[in-house]
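Those protein sequence lines, which keep their order, are chains S and P.
Residue 1 is where the first sequence starts when you use the numbering used here, and the numbers rise one by one after that.
Residue 1001 is where the second sequence starts when you use the numbering used here, and the numbers rise one by one after that.
Think of the hints as simulated: they come from the structure by calculation, not from any bench.
Treat the hints with care, since some could be wrong.
Unchecked claim - Calculated lysine to any residue pairs in the SDA-like style (CA-CA distance at most 20 angstroms, straight line):
{"id": "1", "chain 1": "S", "residue 1": "Lys-174", "chain 2": "S", "residue 2": "Arg-135"}
{"id": "2", "chain 1": "S", "residue 1": "Lys-116", "chain 2": "S", "residue 2": "Arg-135"}
{"id": "3", "chain 1": "P", "residue 1": "Lys-1188", "chain 2": "S", "residue 2": "Leu-97"}
{"id": "4", "chain 1": "P", "residue 1": "Lys-1188", "chain 2": "S", "residue 2": "Lys-174"}
{"id": "5", "chain 1": "S", "residue 1": "Lys-177", "chain 2": "S", "residue 2": "Met-127"}
{"id": "6", "chain 1": "S", "residue 1": "Lys-174", "chain 2": "S", "residue 2": "Ala-190"}
{"id": "7", "chain 1": "P", "residue 1": "Lys-1188", "chain 2": "S", "residue 2": "Lys-184"}
{"id": "8", "chain 1": "P", "residue 1": "Lys-1039", "chain 2": "P", "residue 2": "Val-1272"}
{"id": "9", "chain 1": "S", "residue 1": "Lys-184", "chain 2": "S", "residue 2": "Arg-210"}
As the list claims (entries may be wrong) - Where chain S lies over chain P, by a calculated footprint (3+ residues, C-beta under 8 angstroms):
{"id": "10", "region": "1067 to 1074"}
{"id": "11", "region": "1186 to 1193"}
{"id": "12", "region": "1198 to 1205"}
To be verified - Partial pick of chain S residues on the chain P-facing surface, computed with a CB cut under 8 angstroms:
{"id": "13", "residue": "Phe-16"}
{"id": "14", "residue": "Ser-90"}
{"id": "15", "residue": "Pro-95"}
{"id": "16", "residue": "Thr-98"}
Here a beta-carbon is modelled for each residue, glycine too, at the ideal position from N, C-alpha and C.
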Amino acid sequence: MSGSSAVSIRNISKSFGRGASAVRVLDDVSVEIGEREFFTLLGPSGCGKTTLLRLIAGFELADRGVIAIGGQDLTQTPPFRRPVNTVFQSYALFPHLTVEQNVGFALEEQGMARDKIRSRVGEALEMVRMHSFARRRPSELSGGQQQRVALARALAPRPQVLLLDEPLSALDLKLRKEMQIELKQLQAEAGITFLFVTHDQEEALTLSDRVAVMQGGHILQMGPPREIYEAPTHRFVADFIGDINLLEAEALPGDQLRIGQGVTLPMAHGKAGAVTLAIRPERARLTAPGAGTLDATLIHSAYLGTALLHKLELPGGGTFLLRQSEVAQTPLESGSRVGLALPADALRVLDQ
Amino acid sequence: MSASPTLRRLGLLTPALATIGLLVGVPLLLMFWISLLQKGGTSGVDWASVPSGANYLRLVWEEDFDGTMIVNTSYLLILLRSVLQAALTTGLCLLFGLPVALWMAGLGRTQRDIMLLLITIPFWTNLLVRNYAWLIILREDGLVAQTVNAVSPFGPVQLLYNDLAVAIGLTYSFLPFMILPLYTVFEKFDWRLLEAAHDLGATRARALRRVVLPIAGPGILAGSLLVFIPCLGAFVTPALLGGGKTLMLGNIIQMQFGASRNWPFGAALSVVLLALMLIVMTSVALLRNRRAK
Ligand SMILES: Nc1ncnc2c1ncn2[C@@H]1O[C@H](COP(=O)(O)OP(=O)(O)OP(=O)(O)O)[C@@H](O)[C@H]1O
Ligand SMILES: [Mg+2]
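Just need the whole structure built from these sequences, with the hints factored in.
What follows is the structure, encoded as structure tokens:
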């Protein structure tokens, strides 16, 4: 038994094309996904998310590495013998079958008895609230409804792992928010491991137990949403998720950092020379200019209802975003000189 | 000045209606009229004879020497053999055409175009010439016959002048009519559905049966009709490769209009053939409508 690992991906590499034109799409990727975990692959278009999913589903074979599901090595197993199901980005519902026939497809392949299929299909459709559409054909459904049927179809055979490739990307914002909540509830109810793919960082942060941020065939950082958001280790991760301010600084011996013209802060960094610092807009504070703060000039303030978003100009030239939640204060005038206080626990030293 | 929409639509349709009426309607009516007359004269039709259904009765009954009517099954047998031969050819075309169409749909653009060209090239030569070619291929001193006979465990096999030869010739002639509609379906086919089927536990064979074939259904039907119907009326191939021994409906009809100079009986046979085709097509259409529901 391999403990609590539902999916185990070890040193997977995959290239497309042959010879000189070969393109490496996944480069030595390793991930362990736990039982009942909601795990999300997040990354920009073309970073290899779908390819990784297709490898797990068995539609592509890896050049190197091992894929195990529920402790069993399935690297060479054909897709129809893997205990995983996929919710395709395009839904891929069978157009010639009704909703209930679509959902019952896998059960029929398993040779399940008719009345048992019927009750399981009913259950699955109930789960996605589509039971009143059982007799329709996919062409008679809206995008969101098709999406639910695709979900029910993949859930009906009760796979160990459900793979979801940007299942919400075709929906409008409102429906998408609704479906996000439903997905999360469904996962908790069904008790199935979800491997979810998206390039929407907000979606990834709200839904997931853990997120892996991918770029160019590598996983840059992996961890709970909070950790990814608050403690990014790579410049790319910091930049990709939410708004962030990046500052060039110099690491000095004795756990000191020098930012700009002579502001030094105490901080354990374990580095030397030039580094990049990251700080979220809501973690910096506005104060009066003085010792231990960065000088800045206010360019513009935007009222957001629950907060104020200040755009500041730093003496070195760069701009700095600052989000202030205490809206009740007297507004500052554009052009006024302010001080920027950067709490040491809000600053991250990034790998390049 | 402003005519009603219905009238205007009729006006626009006039050329089409006139063409169809002249080229399809009139000849069909003429054919039906002739089928009711008696043979005679140098043209094969006695235009002055009294119309009757005698020619249709002749298909089944025949006057004995003493004037009593006895049942004659020979035409019915030929009809049956034609249907069977056409069905066999359709089956063979499907058997060979399906894999080819599937394979072609998976090719790259240029390769596809080349394949389409290769499939249509045989049409550049006359049907007669193509059938003579098969005559040469299959004849006793031909390479194929000699090879087959060399390895045959049943002793020498006659390849020419039998039902097999006719089936080979017909399949060869009509295979493109099966491949092309099938290819059109598979070219548009969303292959991600196949992945979805595999994902849900269907093996290759099962996915083919449960997803590919049902969706390709209309193409298979179209191809089958395109093969079956002209096959039913084929006469060149059975005449050449069947050696005149295995007659099909087309041969009998051709004989009536040719050597026998019995146009009315030929016309009656043609009407029967037409009715047969109509029955096949209507039942196929009905079946399809029922399926679609
Ligand atoms: N069958 C293939 N042949 C050649 N290249 C491919 C193939 N499939 C994917 N690629 C390439 O691999 C890279 C990663 O593709 P992949 O579909 O995994 O990206 P993705 O992260 O899912 O992107 P998106 O967010 O746009 O869906 C892309 O550059 C793509 O062009
Ligand atoms: Mg993708």
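Here is what the structure says about each hint:
The suggested pairing of S/Lys-174 with S/Arg-135 is violated, with an alpha-carbon distance near 27 angstroms, which exceeds 20 angstroms. Distance hint between S/Lys-116 and S/Arg-135 is fulfilled; the C-alpha atoms sit about 18 angstroms from each other, no more than 20 angstroms. Using a Cα cut-off of 20 angstroms, the hinted pair P/Lys-1188 and S/Leu-97 holds, with the two alpha carbons roughly 18 angstroms apart. For the hint pairing P/Lys-1188 with S/Lys-174, the CA-to-CA distance comes to about 33 angstroms; that exceeds 20 angstroms, so the pair is violated.
For the proposed pair S/Lys-177 and S/Met-127, the alpha carbon gap of about 17 angstroms is at most 20 angstroms, so the pair holds. The hinted pair formed by S/Lys-174 and S/Ala-190 fails the criterion: a straight-line CA distance of about 24 angstroms is larger than 20 angstroms. This hinted pair does not check out: P/Lys-1188 and S/Lys-184 have alpha carbons roughly 36 angstroms apart, beyond 20 angstroms. For the proposed pair P/Lys-1039 and P/Val-1272, the alpha carbon gap of about 18 angstroms is at most 20 angstroms, so the pair holds.
Proximity of S/Lys-184 to S/Arg-210 is assessed by CA-CA distance (about 13 angstroms); at most 20 angstroms being required, the pair is judged to hold. With a cut-off of 8 angstroms between beta carbons, the region 1067 to 1074 of chain P has 0 residues touching chain S; three or more are needed, and the interface restraint is violated. Coverage of the region 1186 to 1193 of chain P by chain S holds [criterion: at least 3 residues with CB-CB distance below 8 angstroms; count 3]. Look at the region 1198 to 1205 of chain P against chain S: 6 of its residues bring a Cβ nearer than 8 angstroms to a Cβ of that chain, three or more, so the hint holds.
Interface restraint check: S/Phe-16 against chain P, minimum CB-CB distance 16 angstroms, threshold 8 angstroms, status violated. The criterion of a C-beta within 8 angstroms of any C-beta in chain P is met by S/Ser-90, whose closest approach is roughly 6 angstroms, and the hint holds. Checking S/Pro-95 against chain P: minimum C-beta separation of about 7 angstroms stays under 8 angstroms; hint holds. Interface restraint check for S/Thr-98: the shortest CB-CB distance to chain P comes to about 11 angstroms, outside 8 angstroms, so the restraint is violated.
When the structure is compared with the earlier hints, violations turn up for hints 1, 4, 6, 7, 10, 13, 16 and for no others.
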